[in-house]
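Start from chain Z and add chain G according to the hints.
If you read the protein sequences in the order shown, they are chains Z and G.
In terms of my numbering, the first sequence has 10 at position 10, counting the first letter as 1, and numbering is strictly consecutive.
In terms of my numbering, the second sequence has 44 at position 44, counting the first letter as 1, and numbering is strictly consecutive.
There's no promise every hint is true.
[Claimed, not checked] The calculated BS3-like cross-link candidates involving lysine-lysine, where the alpha carbons are at most 27 Å apart (straight line), are:
id, chain 1, residue 1, chain 2, residue 2
1, Z, Lys78, Z, Lys44
2, G, Lys68, Z, Lys41
3, Z, Lys44, G, Lys56
4, G, Lys56, G, Lys77
5, Z, Lys41, Z, Lys78
6, Z, Lys15, Z, Lys41
7, Z, Lys44, G, Lys52
8, G, Lys52, G, Lys68
9, G, Lys77, Z, Lys41
10, Z, Lys44, Z, Lys15
11, Z, Lys78, Z, Lys51
12, G, Lys77, G, Lys60
13, Z, Lys54, Z, Lys41
14, G, Lys68, Z, Lys44
15, Z, Lys54, Z, Lys44
To be clear, the hints were calculated from the coordinates, so they are not data collected in a lab.
The structure presented is a predicted model; accordingly, all values stated were derived computationally and were not measured.
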Amino acid sequence: EAGVTQFPSHSVIEKGQTVTLRCDPISGHDNLYWYRRVMGKEIKFLLHFVKESKQDESGMPNNRFLAERTGGTYSTLKVQPAELEDSGVYFCASSLAGAREQYFGPGTRLTVT
Amino acid sequence: GNSVTQMEGPVTLSEEAFLTINCTYTATGYPSLFWYVQYPGEGLQLLLKATKADDKGSNKGFEATYRKETTSFHLEKGSVQVSDSAVYFCALEGGFQKLVFGTGTRLLVSP
Numbered sequence: 001e002a003g004v005t006q007f008p009s010h011s012v013i014e015k016g017q018t019v020t021l022r023c024d025p026i027s028g029h030d031n032l033y034w035y036r037r038v039m040g041k042e043i044k045f046l047l048h049f050v051k052e053s054k055q056d057e058s059g060m061p062n063n064r065f066l067a068e069r070t071g072g073t074y075s076t077l078k079v080q081p082a083e084l085e086d087s088g089v090y091f092c093a094s095s096l097a098g099a100r101e102q103y104f105g106p107g108t109r110l111t112v113t
Numbered sequence: 001g002n003s004v005t006q007m008e009g010p011v012t013l014s015e016e017a018f019l020t021i022n023c024t025y026t027a028t029g030y031p032s033l034f035w036y037v038q039y040p041g042e043g044l045q046l047l048l049k050a051t052k053a054d055d056k057g058s059n060k061g062f063e064a065t066y067r068k069e070t071t072s073f074h075l076e077k078g079s080v081q082v083s084d085s086a087v088y089f090c091a092l093e094g095g096f097q098k099l100v101f102g103t104g105t106r107l108l109v110s111p
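In isolation and in its complexed conformation, chain G is listed as follows:
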């Protein structure tokens, strides 16, 4: 079946550091891929998405590229801010409309 694997957290960084959160997936066919973010005390928000191989999703300085050859969708940001502290979830939608999520990665950014 479909599954998503994310790197374990927490990821602790200083402000302005480079961020990578790894995400790999297993799926039949050609899923759509998503990154969702949950800020403290809030619900899940869609951060970015990619619907086919080699697509790059981007939003708020975050980027992720759909890599079919490595079945990956790693999240990157060049310079993190304290306000980026949150839990990040990688997810896929494999054609049956239900999302399959990873376990989430907590990011802590210190000033």
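Pulled out of the complex, with its shape left as it was, chain Z reads as follows:
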């Protein structure tokens, strides 16, 4: 069974540009989460999808971040326009309905210069 995959693994962009991160969850997992780790600090929750609906987006830092989950399958996280403080590692995770155990992808390292 394939795990959670994320693309790209690393992205370097200039301040003001747009970047789109993609996450493919484990097949059959209704729950999809985005987290990020900035500057070696704690990993922080961004948002949670149940199928195609946003269940909780309380961790989204501001309206420069837009997350979508098309048809309840893969998800994208767009940052527009990117700022220096957006640099960090963005993790995606998924879980089965009703399960507390989340499976993480390898992360996307975003560097904004």
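Just chain G now, with coordinates in the frame of chain Z:
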């Protein structure tokens, strides 16, 4: 709100030494507790978990016991190996399905 506090790293040990990484938490209700590990160049992997007080999670020689009275979930291993070098994250899930993580503790094991 919910929070997790981990000991600062890095923790540097020689092979076969005993490992303890401290983790304490603040939460309302009865959270589930987790340890995740990130090996160099890889993503987060679930190492072990405990879902109620006095539960002991274990995997790959690592253990952690859910202590409600001290709100702790310390990670231990009796004899570390070089291959255990990684960053370890303590986390809780407080019923709203989102994980709350500590800052991570880097473990460096030398031969």
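Checked hints:
1. Distance hint between Z:Lys78 and Z:Lys44 is fulfilled; the C-alpha atoms sit about 17 Å from each other, no more than 27 Å.
2. Distance restraint check for G:Lys68 and Z:Lys41: the Cα-Cα separation of roughly 26 Å lies within the 27 Å cut-off, and the hinted pair is therefore satisfied.
3. Among the hinted pairs, Z:Lys44 with G:Lys56 is consistent with the structure: their alpha-carbon atoms are about 26 Å apart, no more than 27 Å.
4. Note on G:Lys56 and G:Lys77: the hinted pairing holds, with a Cα-Cα distance of about 13 Å set against a maximum of 27 Å.
5. Between the alpha carbons of Z:Lys41 and Z:Lys78 the distance comes to roughly 22 Å, so the proposed pair stays at or under 27 Å and holds.
6. As the CA atoms of Z:Lys15 and Z:Lys41 are separated by approximately 22 Å, the hinted pair is consistent with the 27 Å bound.
7. Taken as a hint, the Z:Lys44 and G:Lys52 pair is honoured in the structure, with Cα atoms around 23 Å apart against an allowance of 27 Å.
8. For a cut-off of 27 Å, the pair hint linking G:Lys52 to G:Lys68 stands: about 8 Å separates their Cα positions.
9. For the hint pairing G:Lys77 with Z:Lys41, the CA-to-CA distance comes to about 24 Å; that is within 27 Å, so the pair holds.
10. A hinted pair counts as satisfied when its Cα atoms are at most 27 Å apart, and Z:Lys44 with Z:Lys15 qualifies at roughly 22 Å.
11. A threshold of 27 Å between alpha carbons decides the hint, and for Z:Lys78 with Z:Lys51 the separation of about 18 Å falls inside it, so the pair holds.
12. The hinted pair formed by G:Lys77 and G:Lys60 meets the criterion: a straight-line CA distance of about 9 Å does not exceed 27 Å.
13. About 26 Å separates the Cα atoms of Z:Lys54 and Z:Lys41, which keeps this hinted pair within 27 Å; it holds.
14. Restraint check for G:Lys68 and Z:Lys44: the C-alpha separation of about 24 Å stays at or below 27 Å, so the hint holds.
15. For the hint pairing Z:Lys54 with Z:Lys44, the CA-to-CA distance comes to about 17 Å; that is within 27 Å, so the pair holds.
Comparing the model with each numbered hint stated earlier shows that all of them hold.
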